[in-house]
Amino acid sequence: MMNRFNHLPTLKIDTSEKIPFTFKGKQYYGTKGDTVATALYANGVRIYARSLKYHRPRGFYSMDGECSNTMMEINGVPNVRTETTWLKPGMVIKEQNVKGSAENDLMGFIDKMDWAMPAGFYYDTMHKPAKIWPVAMKQIRKAAGIGKLSPDHHMPGKYDEIFPTCDVCVIGGGPAGMTAALAAAQKGLRVILMEARPWLGGQFDYRTAEYANRQTCHERAVQLAKEVEKTDNIRVFTHTANIGAYNNNLITGFQIGTEKDSFTERYIELRAKSVVVATGCIERPLLFENNERPGVMQAGCALRLANTYGLLPGKTGVFSIGHDLGLEAAVALHDLGMTIPMIADIREDGQDPVLLKAVMDRKIILLKGWVATEAHGRKQVKKVTLKSLDGTAEKTFDCDVLVASAGFTPLTGPLVVNQAKLKYDAHTNFFLPTDLPKKMHAAGRLLGYENGLSIEASGHLAGLKAAYDCENCSIADLGEAKKAMESKPGPARGTKLVMAPVKGRKTFICFDEDTSIKNVKQSIDKGFDVPELIKRFSGAGLGPGQAGIPGHNLPLFTAKYQALPDIKIRPTTVRPPLVPTLIATYAGTNHTMLKRTPIDDLQRKDGGIFRNIGVWQRARYFSKDFTSRKEIENVRNNVGMLDGSTLGKFRIHGPDALNALQRVYVSDLSKIKEGRVKYTAMCNDDGCVIDDGVVIKLGENDYYFSTSTGRAGQTVEWIRYHTRYENWDFSLVNLTDAMGVINLSGPNARKVLEKVVDIDVSNDAFGFSEYKEFKVADTIPVKAMRLGFVGELSYELHVPSSYMKALWLILKEAGKEFKIKNFGVEAQNVLRMEKCHVILGQESEQRTNLLDIGLGFLWSRKKTGYKTVGVAALTQAEKDNSRLKLVGFKMENNGRAPRDGALIVDDRVRGHVCTARDSFSLNEAVGMALVEGDMSKVGTRLAFYEDECNGELIYGTVVETPFYDPAGQRMKM
Amino acid sequence: MALTITCPICGKRNGYEFRYGGEEKGPRPDEKDLTPESWCDYVHMNKCVAGVQQEWWFHRDGCGSWFTIFRDTTTNLEKETPEAKE
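Residue numbers (the numbering used here), protein chains in the order written: chain A, 21 to 993; chain B, 9 to 94.
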């Protein structure tokens, strides 16, 4: 275990608290505040992984997950970015894609086989002959790749989602972002500030260089963060990566929870009136031979290891850098005890004089116009070769760390995914956003500013621009901020060097996909001459780092290699999610969103077995016998009760109520009389039947109607859609949840009802297909209909939901002497099937029209002038004999019923079974099926093909319908 | 969903709350003189404009009204109602 600093002001660790974890089966300890990667570093781990293709050793390189170098498996989850994942007690950490260990990988020899795998070698080789591909693929898949996930893996943790809104959203909590947030908040706006790291401060946080007036950058970051935190109208989301930005300023991200939070991760989707993007910069990788050997790391990474995590990256560090942060890191690490034999600075001039003096004071050799050309050491850096940029002079040094960086590269992701265009800027050597989306502003270091005061001034200006978008800032204030901005130093000059003077066989432009400079050259030589094509042919930038490593260098190198006079080439397109996001985070919490009827609990007490049916939970069975035999026989012989509350129930009233009904229902409803029940159906514009139900006229211009359970949610929308041009005057109320329904069915139903109602319910007074209103127990108002869905004497009782429990219990009590019992949805399904009463969606599918299903009698051909939905198509379909028809069938030789959905076949598929059951009422197996028209004649033999029947067909015959009580006397008695 | 829609009753709301109801094609054709072809054209044929189109939306999770907006199908942004042509 390495010694760790514990006195630096910038530290985020608490060395007094140890955190145990398991790595490769052994117990180790980290420190509170460690990421998984820093804890491993502290325990001496330098090789974190092997690369995708060549199995090259990989180590700590950047620090914010820009590449897959430090991805590991944690607690069974593969590809976890250990650089940004906080160490938690008991974590079980494993290496990925290695045979043996990352340290000693048996597949390491593949690195020497690169000559056999040029760019695009799959495309070139694996198709001749095509047969070798499946064989080769298996071997390649075994050798290549990153993590492995078990198909049975259960994702631990709690995932959530929130949808906040704000006036101004600031992406990035560095100096520019905090200043922007404060500027907008001071104008009285509600601000949301998103920061990817667990704390505010950005690049200022870990730097101890002077900001201004003897205040260090770190002190300034703390000061700004305090100000932000005490501003009530700024809501800060830390540890929240931005992953997308869209039209109308929709911003998405995800937040990683701490132990105090109620979530492991949560998805954030917010809408802002205006957005400030202050995401800053990462470093542009320096390209040279073995530029990703463990021990090579970026300047910011080396500095943060020391200043944030208290770890000296190594004993001896050579620097090859192109920016002042590199010099600053060298000075800081020297002061912490690192031996620095040499700094090679790409720049001939332009260095910060203060830093130059600091380097000289420490007697560190600084060679300007020099660069690292090769890192030596088989598994880790042991030696480095440096050359002058022209390649003439050369030096080598022993070292265990090589800090290498070509400069900065801006994080423009949020702007680019929201359609900003990137344009090359020669001064900064950046690709800078132009054509910014409306009400979206950029600020800070991503625009090239390096001076702290400039960064904050640009943040302040962007904050005010956002306030201006919200109409909370005057033009004068904006002008002042612009002037203040212009008085500060402008963007810093960026280094232009793309790569050291080497050939590039082992110079990696993309770490994730093992793409070398040689591979890029091969792609270009084959004609793939722009980054988008090179990316797809060579793989550069396709990995999980989302082009964090090659994003900037690829277009620069492409332009240079082709000797293009000006850089018109663009970086490859970035797409959301900008940071890899768990699918669990997108999915959020799995809420059970099912509705329960008012007598849900009473049915559960009675032993109801519930199933999810559409948006509802319904009692399907009342015993473990899933044929529901006892329930069925009780309805046929005595009396049963069914909870039908899920039916759609509506009231429509007003002068044009009838017009609206005539538009959507196929029957002529102008003829219904008060006190009668009219069964009818709705079609869509193709004549396909979508709904059936009953309509009752309650009074003048006042109707009550029911729809099937599945259509209840869309009926209002449907009727209003088809009447949207008419300006008709009607009111439509959805009473589905306000009313419950009890279906009382069986030969004894009247005897039960008689006992509890205040009117005469004899067959003469309340006949079949009639409607009555009455009270039960002098209190409960009931709308009652005499229907016969199950084929027995039955009453459908509609009552306000709040009375459902009372009515249910009253009927149960009154029915005791008549052997009343519950029946469930399955019993009802069999009962109605025996009567050949259809359930839409079961006897019909999307293409089934009204005529196919035998409901043509509902269609009133004489009704004209209402432009009834579906009639035009029905008129046409009437002449079409090729359509499927609904038929009833019986099984041959007392055979069992085929399964629902079984196919009807001869030499091809001719139809399918809708519902079929072994009928207890009939003592034989019967069912309904949709078959081609020529097979619908009574007597036609049907052959049924079931799943996994191994070719053994079963047979039935088309028969007359209905099967049970063909004369229909029982429901009319 | 990045789309926002301005409901005439509820104002500008998140696109999640609405259901799409197709291009604006005018009222249902008269039943007289209707051929199967002209009927099919009305029901199934769309212009699929790459640009600004007038279209129907239903405020499903809101007031429950049908209304039209103008939307640029290339940017998925709602547009101001163009001035009525004389």
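Hints are supplied without guarantee of correctness; some may be wrong.
What the hints assert, rightly or not - When the alpha-carbon atoms are kept at most 25 Å apart in a straight line, the in silico BS3-like pairs for lysine-lysine are as follows:
1) B:K20 <-> A:K459
2) B:K20 <-> A:K887
3) A:K825 <-> A:K792
4) A:K441 <-> A:K588
To be verified - Computed far set for chain B versus chain A, every beta-carbon distance over 10 Å:
5) M9
6) P16
7) E31
8) G34
9) R36
10) M53
11) K55
12) V57
13) E63
14) W64
15) G72
16) I77
17) T83
18) N84
Please keep in mind that the hints were generated in silico from the structure rather than gathered at the bench.
Beta carbons are placed, not taken as given, at the ideal position from N, Cα and C, and that holds for glycine.
Hint check:
1. Distance hint between B:K20 and A:K459 is fulfilled; the C-alpha atoms sit about 17 Å from each other, no more than 25 Å.
2. Between the alpha carbons of B:K20 and A:K887 the distance comes to roughly 34 Å, so the proposed pair goes past 25 Å and is violated.
3. Distance restraint check for A:K825 and A:K792: the Cα-Cα separation of roughly 21 Å lies within the 25 Å cut-off, and the hinted pair is therefore satisfied.
4. Our distance criterion of 25 Å between C-alpha atoms is met by A:K441 and A:K588, whose separation comes to about 12 Å.
5. The Cβ of B:M9 sits about 8 Å from the closest Cβ of chain A, inside the 10 Å cut-off, so the non-interface label is violated.
6. For B:P16, the condition that its CB be more than 10 Å from all CB atoms of chain A holds, with the nearest at approximately 13 Å.
7. Taking the minimum C-beta to C-beta distance to chain A, about 13 Å, the non-interface status of B:E31 holds against the 10 Å cut.
8. Separation of B:G34 from chain A is inadequate, the least Cβ-Cβ distance of about 8 Å not exceeding the 10 Å criterion.
9. Here B:R36 does not stay apart from chain A, with its beta-carbon only about 5 Å from theirs, under the 10 Å limit.
10. The Cβ of B:M53 sits about 12 Å from the closest Cβ of chain A, beyond the 10 Å cut-off, so the non-interface label holds.
11. Residue placement check: B:K55 keeps its beta carbon more than 10 Å from all beta carbons of chain A (closest about 18 Å).
12. The claim that B:V57 lies off the interface holds: its Cβ sits roughly 18 Å from the closest Cβ of chain A, which is beyond the 10 Å cut-off.
13. Distance check on B:E63: its Cβ is at least 12 Å (rounded) from any Cβ of chain A, clearing the 10 Å threshold; non-interface status holds.
14. Its beta-carbon lying about 7 Å from the closest one in chain A, B:W64 breaks the requirement of being farther than 10 Å from that chain.
15. With a closest Cβ-Cβ approach of about 6 Å to chain A, B:G72 is found to fall inside the 10 Å limit, against its non-interface label.
16. Residue placement check: B:I77 keeps its beta carbon more than 10 Å from all beta carbons of chain A (closest about 13 Å).
17. At roughly 7 Å, the least C-beta separation between B:T83 and chain A is not larger than 10 Å, which violates its mark as non-interface.
18. A cut-off of 10 Å between C-beta atoms contradicts the statement that B:N84 is not in contact with chain A; the least separation is 6 Å.
Hints 2, 5, 8, 9, 14, 15, 17, 18 from the earlier list are contradicted by this structure; the remaining hints agree with it.
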